[in-house]
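K.L.:
Protein sequences, first through last, are from chains A and B.
Positions in the first sequence are counted from 1; adding 12 to them yields my numbering.
Positions in the second sequence are counted from 1; adding 51 to them yields my numbering.
In short, the hints are calculated from the structure, not lab data.
All residues carry an ideal CB built from backbone N, CA and C; glycine is no exception.
Heads up, a few of these hints could be off.
Covered stretches of chain A, going by a simulated chain B footprint (3 or more residues, C-beta under 8 Å) [claimed, not checked]: (1) 61-72; (2) 75-88; (3) 184-195.
Not the full set, but computed from the structure, chain B residues with beta-carbon under 7 Å of chain A [to be verified]: (4) 53; (5) 57; (6) 61; (7) 64; (8) 67; (9) 68; (10) 73; (11) 81; (12) 87; (13) 106; (14) 108.
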Amino acid sequence: MQDEPDRDLLQRFAQGDREAFEALFRLFEREVYRWILRIVREPAATEDALIEAFWRAYRGRARFDPSRSFGAWMRRIATHCAIDHLNAARRRNWVPFAVGRVPRSREAVRGGPGELGRLGGPADPDLASHIRRAFASLPPKLRVVATLALIEELPQAEIADALGVPIGTVKSRLFRATRELREELIRLGVQT
Amino acid sequence: MTDDRLQELLLTAMPPSGDEGPPRDLWPQMANRFERAPRWSYVDLSLAAAVIAALTIFPEWLWPLAYHL
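Bound-form chain B, shown alone (with noise of 0.2 Å):
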């Protein structure tokens, strides 16, 4: 099977996409996007927070939790 004959045959099986935009505006699908933004609440801030001082404190801790995460 020659190139020209592969090309042959996917452009008959696919042929080539048109010139359409998109059906919709999608500007509101990506102002929600903003809105599912992963944020930082007060809970994870306050466990990194608690985290941070046990490790300070307990450095040997370091491995054991490296190990389990």
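Here chain A stands alone, though its shape is the one from the complex (with noise of 0.2 Å):
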């Protein structure tokens, strides 16, 4: 994580101070992007969220506590843009999603360890676009958390720091999460 900046910067920041606003901005651009990628998985998406992660830092500055982890406070705003994002592009393919979600397949696709790639590029294209369809259709809540622990490999407690829930519900939402992926793999005919 970025290197905190001074106390002066941040109260600056609270008090609504624009070129304060400004440097926090450049010091902390590139990990809030990286971070809003990791989850929305879309550039030009993750430059929207960025943008209005920021914005609603700048508008909630009054709610920031100087004495506390700016960069942490961020990466939670940070989250719930993205998990907004993840949202608003679900009800945007509600259509397609709901009515049967996804085609069954006549044959079954069949992932066996032989039919899978190196990493970043599987071997069986309809295997990688079934497991991509059916990660897609998780509620944003879940993705998110299958997201961060399972590709990304994040640890438990630095989830639920970024979302902001106790790491219980961590658990329980990965649980949650690889259950619908796996019973939504099988609707789909992926049998590994």
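Hints given; two lone chains; assemble the complex.
P.N.:
Structure follows, in structure tokens:
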């Protein structure tokens, strides 16, 4: 995580100083971008969510306590912006997912170990596509936890901190996410 | 399907994001967001004042107004 900026800068930000805000934006822009990209996984949408996150931070500056970590506070705001983006994207794509969600393939897609390519390039594009579709069908709150825990392999405590929830909630969401994902993959005919 | 197998499938279809940062300086977009922030115009303020004045004189209008809002 980015080193914490000095207290004076944080206090000026909390008082509404635009220059202090710009300094913080430049300090944390890269870190926040990478964090949102991990969740949203789409560069254009990440830029929009980043702007929204910093905008919310600026509007909520009066609630920020300069004695606390700006990075952690910003990451929590960014996480919620990313979830809002996933919710909006899900609403936009609601019809195709809702109507039969994904057509069941006649032949089950078999994903044996031999059919998996190297990391980042599955040998079977159908299998990769089914996995991505199954993943996209998860509710955003579960998808965020699954993304950060299973794909980005972050510690559960870090995920809990970013979401502002107890670690037990992360564990239960992860459990539900894997269960729903498994069910969806079976429904899609992925047999492994 | 075991949890490990499920994670293996996920990692294959959706590899972890890299270490990439924003492709360009995003501050101009941020500054633009400030410009787009909604501001109260004189028309808005006049309308709000008129509604408050009307409700002070005719408080019974509150319910029809609330219903139509």
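K.L.:
Hints first: check each against the structure and report whether it holds.
P.N.:
Status of each hint after checking the structure:
Residue count for the segment 61-72 of chain A with a Cβ under 8 Å from a Cβ of chain B: 4. That meets the three needed, and the coverage hint holds. With 0 residues bearing a CB less than 8 Å from a CB of chain B, the segment 75-88 of chain A misses the requirement of three and the coverage assertion fails. For the segment 184-195 of chain A, the stated coverage by chain B is satisfied: 3 residues place a CB nearer than 8 Å to a CB of that chain, which reaches the threshold of 3. At about 9 Å, the closest approach between the beta carbon of residue 53 of chain B and any beta carbon in chain A exceeds 7 Å, and the interface hint on this residue is violated.
Checking residue 57 of chain B against chain A: minimum C-beta separation of about 6 Å stays under 7 Å; hint holds. The beta carbon of residue 61 of chain B is positioned within 7 Å of a beta carbon in chain A (closest approach about 5 Å), and the interface hint is therefore held. With its C-beta approaching chain A no nearer than about 4 Å, residue 64 of chain B sits inside the 7 Å limit, and its interface hint holds. Look at residue 67 of chain B: its Cβ gets to within about 5 Å of chain A, closer than 7 Å, so that hint holds up.
Taking 7 Å as the C-beta contact cut-off toward chain A, the hint placing residue 68 of chain B at the interface holds, the least distance being around 5 Å. Look at residue 73 of chain B: its Cβ gets to within about 5 Å of chain A, closer than 7 Å, so that hint holds up. Taking 7 Å as the C-beta contact cut-off toward chain A, the hint placing residue 81 of chain B at the interface holds, the least distance being around 6 Å. The interface hint given for residue 87 of chain B is broken, as the beta carbon of that residue sits about 10 Å from the closest beta carbon of chain A, more than 7 Å.
Interface hint status for residue 106 of chain B: violated, as the beta-carbon distance to the closest one in chain A is roughly 29 Å, over 7 Å. The restraint placing residue 108 of chain B at the interface with chain A is violated, with a minimum CB-CB distance near 35 Å, outside the 7 Å limit.
Hints 2, 4, 12, 13, 14, counting from the list given before, are not met by this structure.
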